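Just need the whole structure built from these sequences, with the hints factored in.
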Amino acid sequence: MGGAAFLRQREATVLVVTIGLIIYFALASSNFLGSSNLTTWLSEDAAPIIIIAIGEVLLLICGEIDLSVGFVYTFAPFLMHYLIDFYGVPGILAIIISLLMGLAVGWLNAFLTVSVGLPSFITTLGTGFILLGIVDTTSHAQPASIPTKVLGIGHWIGSYGWAEFIWAVILVAIFHVVLTRTRWGLHTVAVGGNLLGAQEAGIKVKRIKYGNFMITALLGAFVGLQVGFQTNTIDPTAGGYTPMFYAVTAAVIGGTAMLGGVGTILGAFLGAIVLATLTDGFSIIGISANPLDIIFGGAILVAMIANVQLARLREAGRS
Amino acid sequence: MTSTTSDAAAAASAAGGDILSVEHISKRYGAVTALSDVSMHLGRGEVLGLLGDNGAGKSTLLKILCGFQPATTGRILLEGEEIVFKSVDHARSLGIDAVYQDLALVNQLSVYHNMFLNRERNNGPLLNNRVMRKLAREHLEEMGIRIPSVNVEVAKLSGGQRQAIAVARSVYSNPKILLLDEPLAAMGVKEGAIILDLVRELKEQGNVSIIIIAHNYGQVLEVCDRVNLIQHGEITFDKRSADTSVAELTELVVAEYRKALEERHRSGQRPRLS
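Here the protein sequences come in this chain order: B and D.
Per the working numbering, the first sequence starts with residue 1, numbered consecutively.
Per the working numbering, the second sequence starts with residue 1001, numbered consecutively.
I should point out that these hints are in silico values taken from the structure, not numbers from a laboratory.
Misleading hints may appear alongside valid ones.
A partial selection of chain B residues facing chain D, derived with a Cβ cut-off under 8 Å [to be verified]:
(1) THR182
(2) VAL189
(3) ASN194
(4) GLY197
(5) ALA198
(6) GLU200
(7) ALA201
(8) GLY202
(9) ILE203
(10) MET258
(11) VAL262
Keep in mind it's a predicted model, so treat the numbers as computed, not measured.
Idealized CB from N, CA, C, for every residue including glycine.
In structure tokens, the structure reads:
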């Protein structure tokens, strides 16, 4: 790929920013690339955002959003804990049911959005609150411990240092291929790019939206379990809006348009790495994390302005 | 109605056998009646022009004929057999394809992905982009459609090129019936000529019967064998192109306009000039 062709790739700018930040923090502190920090940076900070961002990218491309995914994240490990400790369900089955809960919430989000006709912003605002309420009511807003039965499998899911990041990379690879090389991905872009046109071409647009809502919530449930295992506790304050908004931020920084039709998984991956690098780097070099949100906010705006300008340049370049 | 229907048209259709006929189709959306009672037919290899004012029901009829939406009442006969279209895919599998007014192209996708939208070539679970690229390039070349590359995003093409891609896509699967909704709308004379040439070529090949929706009478008469006029959700005029003229068609529409104007006058609503 030539230099010019490389720069035309949507991911190029954010890749340059990512590398720049990594070099900066590596020079500022020798601990940044130290082995103990690597897992904190990539597994604990980056991976959850990356995995949730995969779902948000798919939804944003087809013109929807999921605000509730962070609460599926909160609820999933609690559900696993209830099933094992209160109902004697075998460990693996409890994990599978918790993941299925994610699918069910995704289905409900899709049903209310696609079939009932609510805007997804409202649908998922509502289902998110409901999930949070369920968690707080059932747990009395108290944390719980990971059932000992699932500690073994938990190792593979999240407690092994690199587990979360490895999962994130595998999922990014899979969904990058799904989005760019399969019918599902092509139809997702078509639905977001031209909804009526996609319908007229005979694409089952409802099915595409249902599927992407369900993928997103499933990934949210998976991340919730991972973080539970990794932190070795089930915390009612884990998840929520923060990881969801970070994921949307990562998607936007990575070139996903809020209006649908445009977005890449690799871009969101890099966007999440940028956010995690800033979070982790700031704490490593001993700067207060307080101004971090100013930088994040700025990054969203800069990325969006860049997107708009790029689109304008492309428009101007058409012949 | 029979007074404006030429005997020749009736004779021609009876001899050739109709590929498509529509009997007493109506379409209501709640309280709104888009089509009240439409009966029409399309001969084998025929190019039929469907004319009418905005809101007369042309696009509604087309969307029924291509399986996008069902009719409220009435029946459709395809090669003499009654058929109920379940979906766009179903109609397409029976050999009916449409080019919509909005073209149904996805700006963010490449030309070849648009060409194969919802009829992708796969290699196992993955898209076979190489084959789609090659087939798209060959097909466009065959049809004499020139674009910079099949890899460019459709957003970067001109209106005429986009229209040509949409037409090329719909004839790719060799449909028996092709429905074109306002293929010349929003297009310059030069670009319109590309599309009319495409239609003429398809007609010469003779494998496809075509319905063209339009409101530019001159262009339609040039390529169509026969024209129908749809007014207020009904077919009110059916003649062979050779038996009518732009003047006659214009007069019909002007008469309708005059009548509407008179009604407004009678009801006390005067057209405002300022």
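request  = List, from low to high, the hint numbers that the structure doesn't satisfy.
outcome  = Of the numbered hints, just 10 does not hold.
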